[in-house]
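Asker: One-letter residues, chain by chain:
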Amino acid sequence: MSIPFWRDVRVLRVLLQVLFLIGIFLLAGVLYTNMLTGLSNLGLTLNLDFLGNEAGFDISEGIEYEPSETYLKAFWVGVVNTLKVSLIGIVCATILGLVVGIARLSSNWLIRTIAAIYVECFRNIPLLLQILFWYTAVILQLPRVRESISLFEGVFINQRGVYLPSPEPTAGLNVWGGFLLAGLVLAVILYILRAKQLQRLERPGFRAKWALPAFLIVAVLGWFLTPEIPFTLDFPVLRGFNFVGGLSLSPEFSALLIGLSVYTGAFIAEIVRSGIQAVAKGQREAARAVGLSESQTLQLVVLPQAIPIIVPPLTSQYLNLAKNSSLAIAIGFPDVFSIGNTMMLQTGQSIPVFAMIMVSYLIMSLTTSAAMNWYNRWITRNR
Amino acid sequence: MDHLENAPNDPIIVCEDVHKWFDDFHVLKGITTSFQKGEKAVICGPSGSGKSTFIRTLNRLEEHQRGTIIVDGVELSDDLRNINLIRQEVGMVFQQFNLFPHLTNLQNITLGPIRVRKMTKSEAEEIALSLLERVDIVDQAYKYPSEISGGQQQRVAIARALAMEPKIMLFDEPTSALDPEMITEVLDVMRELARSGMTMLVVTHEMGFAREVADRILFFDEGAIVEDAAPANFFDNPQHERTKLFISQTLQH
Amino acid sequence: MKILSWLKDNLFSTWYNTLLTVLALGFVYFLSKGILVWAFTDANWDVIPANLQLFSVGAYPRSEIWRVWVVLYTVCALLGLSGGIWGGLPFRFAIGIGSVGFVCALLPLFEWATRGWIFGNVALLGAFLVLGVNVRGLVSKMRPWILGAWLLSFPWTLIMLRGFGENSVLTTNWGGLLLTLILAAVGIVFCFPLGVLLALGRRSSFPAVKWVSTAYIELVRGVPLITILFMAQIMIPIFMPNVRLDKVLRAMLGITFFSAAYMAENVRGGLQAIPKGQYEAAHALGLNYPLTTLFIILPQALRSVIPAIVGQFIALFKDTSLVTIVGLLDLLGIAKTVIANPDWLGLQAEVYLFVAVIYFVFSYSMSYVSQKIETALGVGKT
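Protein chains in written order, with the numbering used here: chain A, 1 to 383; chain B, 384 to 636; chain C, 637 to 1018.
Treat the hints with care, as some may be off.
Selected chain A positions facing chain C (in silico; Cβ < 7 Å) [as the list claims (entries may be wrong)]:
| no. | residue |
| --- | --- |
| 1 | LEU21 |
| 2 | LEU31 |
| 3 | ASN34 |
| 4 | MET35 |
| 5 | TRP109 |
| 6 | ASN124 |
| 7 | LEU128 |
| 8 | LEU129 |
| 9 | PHE133 |
| 10 | LYS323 |
| 11 | SER350 |
| 12 | ILE357 |
| 13 | MET358 |
| 14 | TYR361 |
Pairwise CB distance ranges (calculated) [as the list claims (entries may be wrong)]:
| no. | chain 1 | residue 1 | chain 2 | residue 2 | range |
| --- | --- | --- | --- | --- | --- |
| 15 | A | ARG239 | C | ASN977 | 33 to 39 Å |
| 16 | C | SER789 | B | ASN467 | 36 to 42 Å |
| 17 | C | ALA976 | A | GLU64 | 32 to 38 Å |
Far from chain B, some chain C residues (derived; all Cβ distances over 12 Å) [stated by the list, open to error]:
| no. | residue |
| --- | --- |
| 18 | SER735 |
| 19 | ILE824 |
| 20 | VAL856 |
| 21 | SER1001 |
Simulated from the structure, these hints should not be mistaken for laboratory data. A virtual CB, placed ideally from N, CA and C, is assigned to each residue, including glycine.
Chain A on its own, in the form it takes in the complex (with noise of 0.2 Å):
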């Protein structure tokens, strides 16, 4: 007795499966079909080569970089910019919103509620709004350049941007870093010895207590030591119209980055917030029970649970930010897509640059996510 076909389960799976996938290729094969025709009635053809071409537009800020050079040069500055203010934004939107998710957490009222307020307005209110406003509102706004605000010996804000002095390596850097070296050799050797003697006693405690001061010695002895001084300070200094020298910020990038951080960092709060109160109250007072002080309970036992909970969601976080700074279009900060943008405007070539501007994202978005699962795993089998 054989079944009939239309009602056979292992036949209709597979004959589902089929027909969701004709339609899938059918669909992609409209689409391309369109395309092509569309490609070809615009006078272009579906290649690669114009990356070689002369880009012929100038970026304002990035790796070095010429007019003159290929389109693939002037993208990959689009990429390391990317790079750049998503690194940098995700440090500070951490250490913000650490500092902010343990303040709503604090026992004073006040700062309690000044983190609240931080916390609400910023995540309530559009990132692009945000930006746009730190880029219009505050930073161009700043006086000019001959009117500099000069907080501190050195820094210099203006419209132009941020100036900060920059540290120049000097000859007596090798030497101190022979110090460095010495004192990272002797801080590890420390470390081991302490966890080993922390194993033996069978009670936990804080690893890094021997390895650390160690470390700092040795530096801070080095420093002085060290016959000529490691560092100098190159200051930003005013020549005609503008400052020379030193480290400076544009006002694009300092809009953005301010932009992002401040938005982030709210986010970051929360998360934080929500994993230390996810880790029961009563474990945190059993632990005080048992003798512990204010900050080994911190560290033995509320951070290491908290962390496993709170990474996960600050991955996508720190995935939002460095997909959130190609707003930078908005302002003129020179990224990838912004750059992307410019690049198909000039060549018409939409669908390449489009393509490489998805895989640039695609690419940080994994690797992000997948160095966060690692350290996700690290994390949960070292406690």
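Dock chains B and C against the given chain A, drawing on the hints supplied.
Answerer: Just chains B and C, lined up with the frame of chain A:
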């Protein structure tokens, strides 16, 4: 089948050399047996013996990979129509009740009749209320499963299965998840159901219930039926060492 | 004495808490002083009332504004009716909206005619609220009809705003808060079913469906919204040359397809939490896959992820501001044009702050309502 010589030879479930594998693990190793209309069979055995898997193959919650299962004259195969037909004829009660937590007890019972049997809402509710009366919790009709006790939940689950007017009822360890004081109320409902003439296959460790209600006890071990006998023979004169050991262990409790 | 002990417990419990309090007080003092001095002396707020119509509806023709009012009246009537019939949270929500409207009508922010219209809205809302309360007991099957009416109000809104024939208002003239809300509403209404389908697809036992859904979700979540919006603007004309879609519609498509991927991940979280026994019980009753999904799985899965879904809606609402970059005049886009207007030069801070407050009010009230729904539904309870 000497123990059933009085019953009409009218099997409602026929299993012929049923095999099942979970990956490499051979769970069912050639089960051949049949159950008569109106028969009450208790299936017991140590955990992992394949007894639960066996009754779950009877309404195709698990697929068997070899052999044939015929339920009420319909073969369980990859035929979509047959699967749906059989599931309507076979009611099932689970260890964990598996009530739908977002529906009231009444809605839990009426869902199947309305959506599968295409009854009107009022018809279905009438049936549901009479079933709740039968399992003695009509006053809990409009509560949610989370608001009643485990024993009550299991009785709602039985009513839910009965609402489809099945010809066969499968019970997969219906009392194992219950507190001891609630086991009786569920077993009472099952006894009443047995008296009404329902065909019942019950996986359980309740040997008292087995002795009292069952026409026949099947003992499973390592994926095969080791012993298949009427309760009197099963308890007083078991044929296999494994069965003897199992009986002595269970009766101690 | 109570105040003193509260102060001691909450502000001055230890020496470092005291120090923190003093520092924080100083910070608050200087910040609020700066803001208040600026807001009351330097700031030029005239730009707001002078451009209020732009902020509200953009370039929507003045002669056709009545269409917007008709839509608002429809929504108010429905809101009043729902609030009256449901009671509880919808009731309080309706009262809240009504009070806000009432205050707006009293304040001299708008022209007299506008204030009259708003007043009419409040009155209608109130009237339907009373009506709703009174018919609550009379008609038992009102609720499905009201839900249906809400669904119908959606195409009704779009048709009403667009109009027909000579007097039709092209979507290019839609702007300001109106456009922002329409974009958000369209996004929310359409990304939700699409997201549910994608989530089901990703959990499908059919490998082909599973891989296609997964690929779509991960691809979209891996790239910024702005790339999707640009693609919608640039690529749709290339890939579908025969289909003429205007700019607003393309933006709607971009937002919907982007949010659907995130929605799918939220829904998937809910699906993963459903115990296997629920599927088995449903199958044992003879329910097939569509029935099981519709009546057993989705109701439970969605309820458990309401907070995440509302969070997604809030994100979508804020994300609509990105259409500014592709040249639409939503609330933020209008703000940029007002700032660029030579009559109002140098008023960036005022304009952006005003717009920020509007965004804040909407998105904060959404998260507030979601918290209330959470407690009302007892999410987290089994």
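Asker: Against this structure, judge whether each hint is valid.
Answerer: The hints, checked one at a time:
The restraint placing LEU21 (chain A) at the interface with chain C holds, with a minimum CB-CB distance near 5 Å, inside the 7 Å limit. With a cut of 7 Å, the hint placing LEU31 (chain A) at the interface with chain C holds, because the nearest CB-to-CB distance is about 4 Å. Interface restraint check: ASN34 (chain A) against chain C, minimum CB-CB distance 5 Å, threshold 7 Å, status holds. Because the smallest distance between the Cβ of MET35 (chain A) and any Cβ of chain C comes to about 6 Å, under 7 Å, the interface hint for this residue holds.
Checking TRP109 (chain A) against chain C by beta carbon gives a least distance of about 4 Å; that is within 7 Å, so the hint holds. Taking 7 Å as the C-beta contact cut-off toward chain C, the hint placing ASN124 (chain A) at the interface holds, the least distance being around 4 Å. Taking 7 Å as the C-beta cut-off, the interface hint given for LEU128 (chain A) holds, the closest approach to chain C being about 5 Å. Annotation: interface hint on LEU129 (chain A) holds; nearest CB of chain C at approximately 6 Å, less than 7 Å.
Annotation: interface hint on PHE133 (chain A) holds; nearest CB of chain C at approximately 4 Å, less than 7 Å. Because the closest C-beta pair between LYS323 (chain A) and chain C is about 4 Å apart, less than 7 Å, the hint holds. Hint status for SER350 (chain A) relative to chain C: holds, with the closest Cβ pair at about 5 Å, below 7 Å. The criterion of a C-beta within 7 Å of any C-beta in chain C is met by ILE357 (chain A), whose closest approach is roughly 6 Å, and the hint holds.
Here the hint on MET358 (chain A) is kept, as its CB sits about 5 Å from the closest CB of chain C, short of 7 Å. Given hint, TYR361 (chain A) at the interface with chain C, holds; its Cβ is 5 Å from that chain's nearest Cβ, closer than 7 Å. The hinted window of 33 to 39 Å between ARG239 (chain A) and ASN977 (chain C) holds, with their beta carbons roughly 37 Å apart. For SER789 (chain C) and ASN467 (chain B), the Cβ-Cβ distance of about 39 Å falls inside the hinted range of 36 to 42 Å, so the restraint holds.
A hinted range of 32 to 38 Å holds for the C-beta pair ALA976 (chain C) and GLU64 (chain A), which are about 34 Å apart. Every CB of chain B is more than 12 Å from the CB of SER735 (chain C) (nearest about 34 Å), matching its label as outside the interface. Non-interface status of ILE824 (chain C) relative to chain B is upheld: no Cβ of that chain comes within 12 Å, the nearest being about 23 Å off. Consistency note on VAL856 (chain C): stated as away from chain B, and its beta-carbon is indeed over 12 Å from all of that chain's, at 30 Å minimum.
Every C-beta of chain B lies more than 12 Å from that of SER1001 (chain C), the closest at about 27 Å, which supports listing it as non-interface.
In terms of the numbered hints stated before, the structure departs from none.
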